[in-house]
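**Student:** Chain by chain, the residues:
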Amino acid sequence: MKQMKLFLGPQHPGMHGNASVHLYVDGDIIKRSFLLPGMLHRGFEKGMERHSWVNNISLIPRVCVVEPDINEMAFAMGTEKLLGIVVPERAHWIRMIILELARLSIHLMAYGGLGGPTGNYTLMYHAHADRNSILDIFEQITGHRVYHQYIVTGGVRKDLPKGIEKDIHTFIDSLESRYEEYRDLGIENPSIVARIKDTIMLPESVVWELGVTGIGMRSAVGKPYDIRKVMPYARYDQVDFEVPTSDYSDARARIDCKLKEVIQSISIIRQCIEKMPLGPVRVPLGRGQSMRWTVPKGYVYSPVESSRGEFGYYMVSNGGTHPWRIGVRGASYPQGLLGIEKYMPGTRLDDAALWVDTMGVCSPEIDR
Amino acid sequence: MKSTKFTPARKLSKEEVDRKWWEIGDFFRRNSLWMLMYCTGCCAIELPPAMTSAYDMERLGMGPMATPRQADILLISGYLSVKSLRRVIYTYEQMGEPKYVVGLGSCPINGGIYHDSHAVINQLDQYLPVDTYVAGCMPNTESVMNGFVDLMEQIRNKTAKGWVKYQENNEWYKKNQKAALGEVDVHDEFHE
Amino acid sequence: MTNSMSNVEYLKGVIGQTYKVLETDVIDQYQVSFVVKQDDVLQVLVTLKNAGWIQMSYLSAIDWPDENKFEMVYILMNWERPVHVQVRTKIDRNDPVMPSIITIYPGAKYYERECHEFFGVKFPGNPDYEKQLILELWDDMPPLRKDFDPQAYSDRKFTKREYSEDYKVLSEEPSKKAKRETRKERAESLKGGPKS
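Chains as they are written, first to last, in my numbering: chain B, 1 to 368; chain C, 369 to 560; chain E, 561 to 756.
A few of these clues could be false.
With a Cα cut of at most 27 Å, we get these calculated DSSO-like pairs of lysine-lysine [what the hints assert, rightly or not]:
| id | chain 1 | residue 1 | chain 2 | residue 2 |
| --- | --- | --- | --- | --- |
| 1 | E | Lys717 | B | Lys81 |
| 2 | E | Lys706 | B | Lys297 |
| 3 | C | Lys546 | C | Lys526 |
| 4 | B | Lys297 | E | Lys691 |
| 5 | E | Lys650 | E | Lys691 |
| 6 | E | Lys572 | C | Lys546 |
| 7 | E | Lys572 | B | Lys81 |
| 8 | C | Lys543 | E | Lys650 |
| 9 | C | Lys542 | E | Lys744 |
| 10 | B | Lys223 | B | Lys297 |
Keep in mind that the hints were calculated from the coordinates and are not lab data.
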């Protein structure tokens, strides 16, 4: 049979983000496939060189739109390493709360995104309703729902408002009490399990060949390789949590790991709120945060554990007021580009959108 | 004495009959707009709360639609890179008339935060006619819903005539598109 | 997991014994960088891969127009002895050629393609590094070089809306600042010179 060229194109109800996958299909089986990135390209790395170190805080969160706090954290950690300043204690705990809330919101969105390709829209409605509550909490803390610009070099911008602990506890308790319902709707649902069990496998050799990190690596290799445990930053070594792994790496095991990480994040947030000391939250960087502060020379790479893997900023400074070069290591770069070229052929056409979702391909961080 | 004479009603002219059919059509059109599902940029992250039960869009009659041939609204959510603009023009020309374009965010208005970037176009209404803008970076979900209600008001007042402008000034739009993009047709042989 | 300082010492031992390292920089207990010569890079990467650094995190280039050189950087990670290693080297800017590393780390294929597109570095050994990945129908110099000005490109290519100029001058008298200046000059000329 002749091969037909199809586009799982940019305009598609099942596609996450604006990227297109070119498929060569024979009947129902995909024979060749390529990702076409570049439709979300904004020239970030060039733009970051044109803004000064202080002004970059407005450009940084827009690199990854669903989870913007990891960008700010990586940038702040990198500049703090170069400058050699020590961040106050309370700021570390507030940063952890914000990062774990962001991780909750993106895991809910990815879990709800499972509902689109399988036709189970109830799951999507539940997940997005809960995610909206998280965005409302963010609005109370930082002032904006999506792009916070809250974690800056030297700490966080302002202290938490009074009474926010009650709101966070109400939300977390309600989410935890409905955890069984979420599991029943998605991962124990027979019509979805038939699509995700024993499909979209990720063996261990592929993980080391491509450079996949995150949940894909932990479920294929079976060891807790997580930056929060292995190279802890921001007081993750003083909080008790586990990193879920699995032995059998199909799509269902990876989604199971995601749900278990939701429970771990909830427990981390509870511990942070208990253990948080009082004190200042920001270190002044000299002359009242003026626009002219400089960063000493150096080359530093600062990795952060995002929900999709190792997300890092490579920053080069030559001692001036503007960065010399900032490179963004997107967490889904390996599995998005080389993974789709080598390992997507062989799946059926209906599973193409599911492949993109369960492997965790997020297109803004591939294009930058 | 009452007169028994009666004067028959004046017969309506053809333009008036057409206009009345258009008004009926506009009534149905504005209460049941279908939106094409195309997330072009960052502001698209405020669409799922609008589409699902948080700020329900379906009570206004709007719903998502998968193909451009059957959709009414093209929602440009956020900035447009040059590569994306080629595909958006294809999509816009495939939609059936009357069709409306809504621009979300400040990037379609004047370039936004990426105004000095080599890959992002600055003003959208040089390339496609836009009916409503919703400002913000990014706009709240309530502002997005306000933008849709604004569009419905415009349809009622017959000022949402973007598609007519595209037909009448087609050469001007095509000239701008060609100057910015080089070539409007899409060549997909990058991986071959 | 072993003690982190000994991981860094282990690394320095592995690399320092066999290769001539131009510069070493220990950034903190989890990160180390080595600057080597261009010809040694492939051997260094093979040695590191055999020593356990099997994950490739990042590959890119940095532009130094004053020295007329590009600096290539490779970042590797080992999860058993957690240290990020940066391997850096400088290559010529006018004709940048760097042998491809996809035989060592296959995941570098698309990183090299993107590096060629944005800087112009050639990677012989990589089958299709010349095809465009992120940009389409690009007609100018590689964008991440320091002599490319994105604002000028944007002004030249994308049309601008014309705004009507409808302001009007309210009064023809000089502004308050101009009046203050003339008064001060006149006062100084009367007293015989400016105040010291």
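**Student:** Hint by hint, note whether the structure agrees.
**Tutor:** Structure-based check of all given hints:
| no. | hint | result |
| --- | --- | --- |
| 1 | E:Lys717 <-> B:Lys81 | violated, 40 Å |
| 2 | E:Lys706 <-> B:Lys297 | holds, 18 Å |
| 3 | C:Lys546 <-> C:Lys526 | violated, 31 Å |
| 4 | B:Lys297 <-> E:Lys691 | violated, 35 Å |
| 5 | E:Lys650 <-> E:Lys691 | holds, 25 Å |
| 6 | E:Lys572 <-> C:Lys546 | violated, 56 Å |
| 7 | E:Lys572 <-> B:Lys81 | holds, 21 Å |
| 8 | C:Lys543 <-> E:Lys650 | violated, 45 Å |
| 9 | C:Lys542 <-> E:Lys744 | violated, 59 Å |
| 10 | B:Lys223 <-> B:Lys297 | violated, 37 Å |
In terms of the numbered hints stated before, the structure departs from hints 1, 3, 4, 6, 8, 9, 10, listed from lowest to highest.
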